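With the sequences and hints as input, model every part of the structure.
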Amino acid sequence: MSAVPVVNRLKVGGTVLEARAARSSWIAWPRRADPFLVSRGADIAITVHREPGPRPGRLLFESGGVWSAYEQDDGRLLFTFRVGRAIYKSALIDRAITSGAVFFPRPAGGGPRSALQFPLDEMLFQQRWAREGRLEVHACGVKDGKTALLFAGHSGAGKSTTANLWHRSVPGCRVLSDDRVLLDLESGSGVRAHGTPWHGTGRFGAPAHAPLAALFFLEQAKVSETVPLHPAEAAARLFTRTFPPIWDRERTQTVIDACGATAERVPAFLLRFRKDASAIEAARRAARR
Amino acid sequence: MATAVAHPVDLHATPRQSDRVVSRVVAGEHILVPLASRGVDIDSIFNLNGTGTFIWERIDGFRTVEEIADQVAGEFQVSREQARADCRDFLSQLLEVGAIVFSQPKGQDAR
Numbered sequence: 000m001s002a003v004p005v006v007n008r009l010k011v012g013g014t015v016l017e018a019r020a021a022r023s024s025w026i027a028w029p030r031r032a033d034p035f036l037v038s039r040g041a042d043i044a045i046t047v048h049r050e051p052g053p054r055p056g057r058l059l060f061e062s063g064g065v066w067s068a069y070e071q072d073d074g075r076l077l078f079t080f081r082v083g084r085a086i087y088k089s090a091l092i093d094r095a096i097t098s099g100a101v102f103f104p105r106p107a108g109g110g111p112r113s114a115l116q117f118p119l120d121e122m123l124f125q126q127r128w129a130r131e132g133r134l135e136v137h138a139c140g141v142k143d144g145k146t147a148l149l150f151a152g153h154s155g156a157g158k159s160t161t162a163n164l165w166h167r168s169v170p171g172c173r174v175l176s177d178d179r180v181l182l183d184l185e186s187g188s189g190v191r192a193h194g195t196p197w198h199g200t201g202r203f204g205a206p207a208h209a210p211l212a213a214l215f216f217l218e219q220a221k222v223s224e225t226v227p228l229h230p231a232e233a234a235a236r237l238f239t240r241t242f243p244p245i246w247d248r249e250r251t252q253t254v255i256d257a258c259g260a261t262a263e264r265v266p267a268f269l270l271r272f273r274k275d276a277s278a279i280e281a282a283r284r285a286a287r288r
Numbered sequence: 000m001a002t003a004v005a006h007p008v009d010l011h012a013t014p015r016q017s018d019r020v021v022s023r024v025v026a027g028e029h030i031l032v033p034l035a036s037r038g039v040d041i042d043s044i045f046n047l048n049g050t051g052t053f054i055w056e057r058i059d060g061f062r063t064v065e066e067i068a069d070q071v072a073g074e075f076q077v078s079r080e081q082a083r084a085d086c087r088d089f090l091s092q093l094l095e096v097g098a099i100v101f102s103q104p105k106g107q108d109a110r
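Sequence order for the protein chains is F and C. Residues 0 to 288 in numbering that gives the first Met the number 0 are what the first sequence lists, from first letter to last. Residues 0 to 110 in numbering that gives the first Met the number 0 are what the second sequence lists, from first letter to last.
Just so you know, these hints were derived from the structure itself, not from any lab. Just so it is clear, the structure is predicted and the values come from calculations on it, not from any experiment. Each residue gets a CB set at the ideal place from its N, CA and C atoms; glycine is no exception. Be careful, since some hints might not be right.
[Unchecked claim] Taking CB as the label site, the calculated pair distances span: (1) Asp18(C) to Pro53(F): 26 to 32 angstroms; (2) Asp59(C) to Val5(F): 56 to 62 angstroms; (3) Gly144(F) to Ser78(C): 52 to 58 angstroms; (4) Thr50(C) to Gly144(F): 38 to 44 angstroms; (5) Pro210(F) to Arg15(C): 39 to 45 angstroms; (6) Gly60(C) to Arg273(F): 49 to 55 angstroms; (7) Asp256(F) to Ser91(C): 24 to 30 angstroms; (8) Ser36(C) to Pro53(F): 51 to 57 angstroms; (9) Arg15(C) to His166(F): 49 to 55 angstroms; (10) Gln92(C) to Pro53(F): 28 to 34 angstroms.
Structure representation (structure tokens):
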């Protein structure tokens with residue numbers, strides 16, 4: 000291993016993930032992340048090793064997809080990523096999500112060259128933000144003038160469609176992301192929306208932020224209209240579009256508290272939308288109320 | 000003749016809130032989130048209405064289902080039978096997702 004490691008830093012919503020490795024290809028981020036790369040900071044510091052990771056400890060959570068979470072004997076968290084039964088990557092990190100190691104053994108038959116490919120980089124941010132009461136939301140976000148609007152929805156709900164609509168129809172509008180938006184409770188009574196590099200099919204992602212003016216939950220329809228939601232309904236809908244460490248009582252409480260506070264601060268609506276400019280007008284009308 | 004099926008919630012049992020659930024009051028209404036250890040289990044989140052919130056706040060490990068139902072009947076002016084049926088159905092939903100656990104029904108030995 001080289002004595003002089005290469006360093007890459009990704010900054011999202013003010014949080015910097017610093018990655019160190021012997022070779023730059025091990026910690027390369029996709030081109031989409033370029034606007035988010037910075038030269039300073041290390042809120043989360045990881046080193047990447049081309050060797051097998053530790054044996055998993057106590058199982059905390061099994062995603063049903065590629066990853067699982069474990070608690071090791073020393074209290075640290077281990078995230079494993081599998082293809083079939085074989086672990087191809089693992090990340091060992093402290094509970095505060097400040098530093099750790101990624102183990103990324105060289106695959107026999109090729110495979111990804113970078114250890115930071117989805118979903119590892121995003122997961123590290125998610126774990127850190129969940130501790131801080133910040134919400135990564137499965138949503139499209141747009142900056143319309145001085146404020147932001149959030150359009151939340153599960154896959155296929157119309158997030159990228161919405162992003163494209165705003166991008167094409169509203170001069171000066173900036174799409175924060177068409178798939179993942181970070182929400183922050185500000186001191187006082189506001190909520191701030193941040194763009195992220197994790198995008199949907201529209202490939203939108205910008206390192207910008209703005210105060211959140213309204214929350215919308217997407218539902219495709221023949222006529223565009225908004226229906227106000229009770230804050231409790233909005234908080235529950237928001238929670239199901241976040242990524243909490245649902246095995247951890249304290250962290251899950253932090254996330255549901257942040258969802259509740261967000262819904263109490265920002266008006267929320269069901270947005271039934273047609274795929275044209277009428278959806279933009281309906282959202283703007285509701286946000287102005 | 001149909002055979003009566005025992006309801007999973009005994010009127011004399013004492014429910015308490017599970018430590019596998021977190022809750023938050025938002026604008027006067029409770030939201031309940033059961034914790035999960037598998038991805039397939041992340042689909043349960045409860046928005047409680049006024050009656051649900053009233054019941055949830057009385058699940059304290061001391062009151063029996065019957066006592067809670069009687070309080071529901073008094074508060075919401077429904078018959079005791081209706082309150083008991085509604086209470087048991089609601090509690091069985093909470094039981095199913097692990098939001099509550101039951102102590103042994105009063106008067107029964109723990110064997």
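Evaluated hints:
Distance hint check for Asp18(C) and Pro53(F): the Cβ-Cβ separation is about 29 angstroms, which falls inside the suggested range of 26 to 32 angstroms. Against the hinted window of 56 to 62 angstroms, the Cβ-Cβ separation of Asp59(C) and Val5(F) comes to about 57 angstroms, which satisfies the hint. The hint said 52 to 58 angstroms for the Cβ distance between Gly144(F) and Ser78(C), and at roughly 56 angstroms that hint holds. Hint check: Thr50(C) to Gly144(F), Cβ distance near 43 angstroms, so the stated range 38 to 44 angstroms holds.
For Pro210(F) and Arg15(C), the Cβ-Cβ distance of about 42 angstroms falls inside the hinted range of 39 to 45 angstroms, so the restraint holds. Separation of Gly60(C) from Arg273(F) is about 51 angstroms and conforms to the stated range, judged on CB atoms against 49 to 55 angstroms. Hint check: Asp256(F) to Ser91(C), Cβ distance near 28 angstroms, so the stated range 24 to 30 angstroms holds. Checked against the hint of 51 to 57 angstroms, the pair Ser36(C) and Pro53(F) fails, with Cβ atoms roughly 21 angstroms apart.
A C-beta distance of roughly 52 angstroms is found between Arg15(C) and His166(F), which places it inside the suggested range of 49 to 55 angstroms. At roughly 41 angstroms, the beta carbons of Gln92(C) and Pro53(F) sit outside the given window of 28 to 34 angstroms.
Violated hints, listed in ascending order, are 8 and 10; each of the other numbered hints is respected by the structure.
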